[in-house]
Amino acid sequence: MNMFAKLFHDLDNLTKTNDRLDRLVEYFKSASPHDALWVCWFLSGNRIKGAIRTGELRSFVAGWAVLPVWLVEECHQRVGDLAETISLLVKGPSESKAGSLDSTIRKHLLPLRGKDSADRKLLLSDTWSHLSDFEMLPFHKLLTGGFRMGVSKGNLYKALARVGGVEPSLIAQRLAGDWSCDDLSFADVISSSLSRDTNPYKPYPFCLASPVLEEVESLGSLHEWQVEWKWDGIRAQFFSLGGGRGMIWSRGEEAIEESFPELTKCVPYLPQDICLDGEILAWGYDGLRPFARLQKRLGRKSPGASILKRESVRFHAYDLLRLEGNDLRTLPLSKRRKKLEEVFAKIPNHLPLGLSEIVNASGWDELSKKREQSRDRGVEGFMLKRNTSSYESGRVKGSWYKWKIDPFLADMVVVSAQLGHGKRANLYSDYSLAVWDNTGSLVTVAKAYSGLTKKEIEEVDRYIRKNITGKYGPVRSVRPGIVFEVAFEGAQSSGRHKSGVALRFPRIHRWRQDKKPKDADSLDTIRGFAGIQDICLTENQGIDENGNMLLF
Amino acid sequence: MTNILENKREGLYCPAGDFFVDPRGKVERAVITHAHSDHARAGHNYYLCSDSCLPILQIRIGTKAKIESVPFGKRTKIGSAYVSFHPAGHILGSAQIRIEVKGEVWVVSGDYKPQTDRTCEAFEVVSCNGFISECTFGLPVYQWADEQLVHNEINHWWRENAENECPSLLFAYSLGKAQRVLAGLETEGRPVFVHSAVHSFLTHYEQAGVKFPKLQKVERGIDYNFSNSMVIAPPAVEDSTWVRKMKKAKKGFASGWMSIRGAKRRRNLDRGFVLSDHADWHGLLEVINGTGADRVLLTHGNGDALVRFLRETGKDASMLEGASVRGEEEE
Numbered sequence: 001m002n003m004f005a006k007l008f009h010d011l012d013n014l015t016k017t018n019d020r021l022d023r024l025v026e027y028f029k030s031a032s033p034h035d036a037l038w039v040c041w042f043l044s045g046n047r048i049k050g051a052i053r054t055g056e057l058r059s060f061v062a063g064w065a066v067l068p069v070w071l072v073e074e075c076h077q078r079v080g081d082l083a084e085t086i087s088l089l090v091k092g093p094s095e096s097k098a099g100s101l102d103s104t105i106r107k108h109l110l111p112l113r114g115k116d117s118a119d120r121k122l123l124l125s126d127t128w129s130h131l132s133d134f135e136m137l138p139f140h141k142l143l144t145g146g147f148r149m150g151v152s153k154g155n156l157y158k159a160l161a162r163v164g165g166v167e168p169s170l171i172a173q174r175l176a177g178d179w180s181c182d183d184l185s186f187a188d189v190i191s192s193s194l195s196r197d198t199n200p201y202k203p204y205p206f207c208l209a210s211p212v213l214e215e216v217e218s219l220g221s222l223h224e225w226q227v228e229w230k231w232d233g234i235r236a237q238f239f240s241l242g243g244g245r246g247m248i249w250s251r252g253e254e255a256i257e258e259s260f261p262e263l264t265k266c267v268p269y270l271p272q273d274i275c276l277d278g279e280i281l282a283w284g285y286d287g288l289r290p291f292a293r294l295q296k297r298l299g300r301k302s303p304g305a306s307i308l309k310r311e312s313v314r315f316h317a318y319d320l321l322r323l324e325g326n327d328l329r330t331l332p333l334s335k336r337r338k339k340l341e342e343v344f345a346k347i348p349n350h351l352p353l354g355l356s357e358i359v360n361a362s363g364w365d366e367l368s369k370k371r372e373q374s375r376d377r378g379v380e381g382f383m384l385k386r387n388t389s390s391y392e393s394g395r396v397k398g399s400w401y402k403w404k405i406d407p408f409l410a411d412m413v414v415v416s417a418q419l420g421h422g423k424r425a426n427l428y429s430d431y432s433l434a435v436w437d438n439t440g441s442l443v444t445v446a447k448a449y450s451g452l453t454k455k456e457i458e459e460v461d462r463y464i465r466k467n468i469t470g471k472y473g474p475v476r477s478v479r480p481g482i483v484f485e486v487a488f489e490g491a492q493s494s495g496r497h498k499s500g501v502a503l504r505f506p507r508i509h510r511w512r513q514d515k516k517p518k519d520a521d522s523l524d525t526i527r528g529f530a531g532i533q534d535i536c537l538t539e540n541q542g543i544d545e546n547g548n549m550l551l552f
Numbered sequence: 553m554t555n556i557l558e559n560k561r562e563g564l565y566c567p568a569g570d571f572f573v574d575p576r577g578k579v580e581r582a583v584i585t586h587a588h589s590d591h592a593r594a595g596h597n598y599y600l601c602s603d604s605c606l607p608i609l610q611i612r613i614g615t616k617a618k619i620e621s622v623p624f625g626k627r628t629k630i631g632s633a634y635v636s637f638h639p640a641g642h643i644l645g646s647a648q649i650r651i652e653v654k655g656e657v658w659v660v661s662g663d664y665k666p667q668t669d670r671t672c673e674a675f676e677v678v679s680c681n682g683f684i685s686e687c688t689f690g691l692p693v694y695q696w697a698d699e700q701l702v703h704n705e706i707n708h709w710w711r712e713n714a715e716n717e718c719p720s721l722l723f724a725y726s727l728g729k730a731q732r733v734l735a736g737l738e739t740e741g742r743p744v745f746v747h748s749a750v751h752s753f754l755t756h757y758e759q760a761g762v763k764f765p766k767l768q769k770v771e772r773g774i775d776y777n778f779s780n781s782m783v784i785a786p787p788a789v790e791d792s793t794w795v796r797k798m799k800k801a802k803k804g805f806a807s808g809w810m811s812i813r814g815a816k817r818r819r820n821l822d823r824g825f826v827l828s829d830h831a832d833w834h835g836l837l838e839v840i841n842g843t844g845a846d847r848v849l850l851t852h853g854n855g856d857a858l859v860r861f862l863r864e865t866g867k868d869a870s871m872l873e874g875a876s877v878r879g880e881e882e883e
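The listed protein sequences correspond, in order, to chains A and B.
Here this note's numbering is used: the first residue of the first sequence is 1, the next is one more, and so on.
Here this note's numbering is used: the first residue of the second sequence is 553, the next is one more, and so on.
Just so you know, not all the hints are guaranteed correct.
As the list claims (entries may be wrong) - Derived PhoX-like pairs (lysine-lysine); straight-line CA-CA distance at most 25 Å: (1) A:Lys301 - A:Lys265; (2) A:Lys466 - A:Lys455; (3) B:Lys766 - A:Lys423; (4) A:Lys454 - B:Lys797; (5) A:Lys454 - A:Lys423; (6) A:Lys455 - B:Lys802; (7) A:Lys454 - B:Lys766; (8) A:Lys466 - A:Lys397; (9) B:Lys769 - A:Lys16; (10) A:Lys6 - B:Lys654; (11) A:Lys16 - A:Lys158; (12) B:Lys766 - B:Lys802; (13) A:Lys346 - A:Lys335; (14) A:Lys6 - A:Lys107; (15) B:Lys867 - A:Lys16; (16) A:Lys404 - A:Lys471; (17) A:Lys454 - B:Lys560; (18) B:Lys797 - A:Lys466; (19) A:Lys121 - A:Lys29; (20) A:Lys265 - A:Lys309; (21) A:Lys158 - A:Lys115; (22) B:Lys802 - A:Lys423; (23) A:Lys455 - B:Lys799; (24) A:Lys6 - A:Lys16; (25) A:Lys153 - A:Lys6; (26) B:Lys766 - A:Lys16; (27) B:Lys867 - A:Lys423; (28) B:Lys629 - A:Lys471; (29) A:Lys6 - B:Lys800; (30) B:Lys799 - A:Lys16; (31) B:Lys799 - B:Lys769; (32) A:Lys397 - A:Lys153; (33) A:Lys455 - B:Lys797; (34) B:Lys802 - A:Lys454; (35) A:Lys402 - A:Lys370; (36) A:Lys423 - A:Lys455; (37) A:Lys515 - A:Lys447.
Unchecked claim - Estimated spans, in silico, between C-beta atoms of each pair: (38) A:Pro474 - B:Gly655: 42 to 50 Å; (39) B:Met871 - A:Ser125: 30 to 38 Å; (40) B:His708 - A:Asn18: 57 to 65 Å.
The set of hints was computed from the structure by calculation and includes no laboratory data.
Model, not experiment: these values are computed from the prediction.
Every residue, glycine too, gets a C-beta built ideally from N, C-alpha and C.
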């Protein structure tokens, strides 16, 4: 455990990405394979679920430290991270009595699952008598599921690739999707032998696009680019396996084929052993439907016949990553596209499968004009993909771009705030934003916490501290005074917000210090120019507190 | 507010002696707990402070100011109030002010730290009926480790940086913290530099018997080769060109706020050292209980939690109205 704790604290202290990468390589070379595999598992974004609940953990800590529970909650709010709060309140022995990372997880973490609360409390107090102060934070990060430590998946793959002397994309595929430390060995992860890859149907790391930040002309001649509409759906990879089986992976690397039986039914019509990259769209007899319609299908396994009929979907393909078992990702896009079109030429028309059309234009000017059709078409703008580009893992500069239409903008008032997390701990930096309704009241339409500079966040924090008007748990209501220009991608009906509207991807565009609360926009304006579509939503389970649609 | 002290716009006022403690604005008589700028402000007519605070206060507010000083523990009569200064353990010369009127005793703590360190007079618990306490770090997540351990950490960090030929740039508030850090350095022959803001207080600390390693003041316009050295500077210079020129430097910050990782990450520091001149959670409770005070008023800090905690243990505690909230800029 101590070696892992050292890694954890070193990663936390290092400020440069390359230094972190070096440190990770050093760890993988010296750690025991069991420990190293756990680090791979956690850094792949996995977490141990159901080990403990936040409230339970806080009450155990309160008991241990002989503090009232409310005070532990206050501490949690101030620190902004429960694992860190515990490490500051619980003092372990001066010398660690914990074993390896693997044994600590197996003896102290995994057994928490399935125990009743009293037994969990016993096991945790025992754990606290084993861990040194140095190990407290790392252990509780694993327990509460927040072990990322500034290492992206991409960097994890790079580090492992360096240890094993293999390509990062190979590592990426081995660590993708669902796996546990019992079905894989560290040797499998870094092996240079391909025969060890028993499951070729794991998702490929998704190739991601960067936003076009400069004038689009700076990308050179349009002829070098393949242009498609930017579809607003669920990004997914669709595998056809032998025996008529299909697998669909979401971008979050979750297997979602059970939710879309109409798509897996298409597998017999597809060539065997292929992988399509594309988008699941809400699509009916009237064509493309708004993203909000997909909501009824989200998270619903084995949907019934009526919902399948009412809320039908379609898989829109735009890339071919695998054909007859061969990995095509390193081929140039133009070749992959040609093969993709050949595949589609043989697919019957009645299936809910489509090909993302290529948009042709004589030059950037004409393309810009076509881009103005985006809102009418229900798309978000254009995707620009370099003809010569291979299918990269993640976001690679100069390869794929998203040329999105400008977001909607509205001026909103900060009406309440909460302390932030991480870098923004102990700063009021999560804001609830409101606009005026017809009765002259401010109604909350969005929450946002990104878009301000460090200096601005501190200044807003000072304003909030001086203007708190009420306390509701961790939320502080604030005297209206701060106006932000908020950018968002669209609006949907929502029962969650009192306003009846939820915004898509709201973020702070800039701070309008020149404006007063009375200058903020009205609810009607937002509903109006967002072209809100009143599909009647009876459930709201698929919308998070930011008003964003949740994917599964 | 109390029989002895009133809370006025300028700050705490004692009508029996017609004086203010650490006032704002412009008053006739100011009794000063210590020389930090949020307690000792220029512009008053007469000042009273502890003997060892005097030379430092002069640097802060000018030698022309009319300042009198008294030794720790000596009772002085101002009007009908008896006033005495008692060590607060915060910085050199820092004092708690004991005010006695007609047998009732109130103590204004100023800033204090019950743990001893080698740069200032050791804190003294003063029995009183009412205690006005700071509570900068009024949550149990703030618990200080033994000071020597922090010095060891700093020395270890410096040694490691020196081996990589990186200068160690350590931010510390220029009065108090910087001197504490300096006094704990093990140079092993490596050079130590200090920013001029830190340097101006050193002689007075040395006169008080504090030992510093051999060091050099950083002068404007000279290019130094800092390579394996330790450079102590106030955090205010963090964004200056002088600092930006030290490209290879590893940056650290010594402050109680460094307990929380977010505070360190926000400043993009390489290291945070948890070294505070204030009382930690246990320190606050120990002192507040130690004074035996029936009434406790809290100032400087987000004291709501401590107020509630003290009340639940049966103390008559509340926030001092109009008390300032101390941000992370101070300390």
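Evaluated hints:
Distance restraint check for A:Lys301 and A:Lys265: the Cα-Cα separation of roughly 15 Å lies within the 25 Å cut-off, and the hinted pair is therefore satisfied. As the CA atoms of A:Lys466 and A:Lys455 are separated by approximately 17 Å, the hinted pair is consistent with the 25 Å bound. A threshold of 25 Å between alpha carbons decides the hint, and for B:Lys766 with A:Lys423 the separation of about 37 Å lies outside it, so the pair is violated. Taken as a hint, the A:Lys454 and B:Lys797 pair is honoured in the structure, with Cα atoms around 22 Å apart against an allowance of 25 Å.
Proximity of A:Lys454 to A:Lys423 is assessed by CA-CA distance (about 10 Å); at most 25 Å being required, the pair is judged to hold. For the proposed pair A:Lys455 and B:Lys802, the alpha carbon gap of about 23 Å is at most 25 Å, so the pair holds. Under the criterion of a C-alpha separation no larger than 25 Å, the hint pairing A:Lys454 with B:Lys766 is inconsistent with the structure, at around 38 Å. Of the pairs offered as hints, the one joining A:Lys466 and A:Lys397 is violated, with about 44 Å between alpha carbons and a cut-off of 25 Å exceeded.
A C-alpha spacing of about 31 Å is found between B:Lys769 and A:Lys16, which places the hinted pair above 25 Å, so the restraint is violated. As the CA atoms of A:Lys6 and B:Lys654 are separated by approximately 60 Å, the hinted pair breaks the 25 Å bound. About 15 Å separates the Cα atoms of A:Lys16 and A:Lys158, which keeps this hinted pair within 25 Å; it holds. For a cut-off of 25 Å, the pair hint linking B:Lys766 to B:Lys802 stands: about 21 Å separates their Cα positions.
Using a Cα cut-off of 25 Å, the hinted pair A:Lys346 and A:Lys335 holds, with the two alpha carbons roughly 18 Å apart. As the CA atoms of A:Lys6 and A:Lys107 are separated by approximately 20 Å, the hinted pair is consistent with the 25 Å bound. Taken as a hint, the B:Lys867 and A:Lys16 pair is broken in the structure, with Cα atoms around 49 Å apart against an allowance of 25 Å. Among the hinted pairs, A:Lys404 with A:Lys471 is inconsistent with the structure: their alpha-carbon atoms are about 40 Å apart, more than 25 Å.
Of the pairs offered as hints, the one joining A:Lys454 and B:Lys560 is violated, with about 35 Å between alpha carbons and a cut-off of 25 Å exceeded. Distance check on the hinted pair: B:Lys797 and A:Lys466 sit about 37 Å apart at the alpha-carbon level, beyond 25 Å; violated. Between the alpha carbons of A:Lys121 and A:Lys29 the distance comes to roughly 36 Å, so the proposed pair goes past 25 Å and is violated. A hinted pair counts as satisfied when its Cα atoms are at most 25 Å apart, and A:Lys265 with A:Lys309 qualifies at roughly 15 Å.
Distance restraint check for A:Lys158 and A:Lys115: the Cα-Cα separation of roughly 38 Å exceeds the 25 Å cut-off, and the hinted pair is therefore not satisfied. Taking the CA atoms of B:Lys802 and A:Lys423, the gap is about 19 Å. The hint holds against a cut of 25 Å. Straight-line distance between C-alpha atoms of A:Lys455 and B:Lys799 comes to about 23 Å, which keeps the hinted pair within the 25 Å bound. Straight-line distance between C-alpha atoms of A:Lys6 and A:Lys16 comes to about 17 Å, which keeps the hinted pair within the 25 Å bound.
Between the alpha carbons of A:Lys153 and A:Lys6 the distance comes to roughly 20 Å, so the proposed pair stays at or under 25 Å and holds. A hinted pair counts as satisfied when its Cα atoms are at most 25 Å apart, and B:Lys766 with A:Lys16 does not qualify at roughly 33 Å. As the CA atoms of B:Lys867 and A:Lys423 are separated by approximately 36 Å, the hinted pair breaks the 25 Å bound. For a cut-off of 25 Å, the pair hint linking B:Lys629 to A:Lys471 is broken: about 45 Å separates their Cα positions.
With a C-alpha separation of about 24 Å, the suggested pair A:Lys6 and B:Lys800 falls inside the 25 Å cut-off, and the hint holds. At most 25 Å may separate the alpha-carbon atoms for a hinted pair to count; B:Lys799 and A:Lys16 meet this at roughly 14 Å. Proximity of B:Lys799 to B:Lys769 is assessed by CA-CA distance (about 20 Å); at most 25 Å being required, the pair is judged to hold. Proposed proximity of A:Lys397 and A:Lys153 is supported: the alpha carbons are some 17 Å apart, at most 25 Å.
Restraint check: the Cα-Cα separation between A:Lys455 and B:Lys797 comes to about 22 Å, which is no more than 25 Å; the hinted pair holds. Among the hinted pairs, B:Lys802 with A:Lys454 is consistent with the structure: their alpha-carbon atoms are about 21 Å apart, no more than 25 Å. Distance hint between A:Lys402 and A:Lys370 is fulfilled; the C-alpha atoms sit about 15 Å from each other, no more than 25 Å. In summary, the hint linking A:Lys423 to A:Lys455 is supported, as the alpha carbons are separated by about 13 Å, within the 25 Å threshold.
Simply put, A:Lys515 and A:Lys447 have alpha-carbon atoms about 19 Å apart, close enough for the 25 Å limit, and the pair holds. As the Cβ distance of A:Pro474 to B:Gly655 is approximately 46 Å, the hint placing it in 42 to 50 Å holds. Checked against the given bound of 30 to 38 Å, the beta carbons of B:Met871 and A:Ser125, roughly 35 Å apart, stay inside it. Taking the beta carbon of each, B:His708 and A:Asn18 are about 23 Å apart, not inside 57 to 65 Å as hinted.
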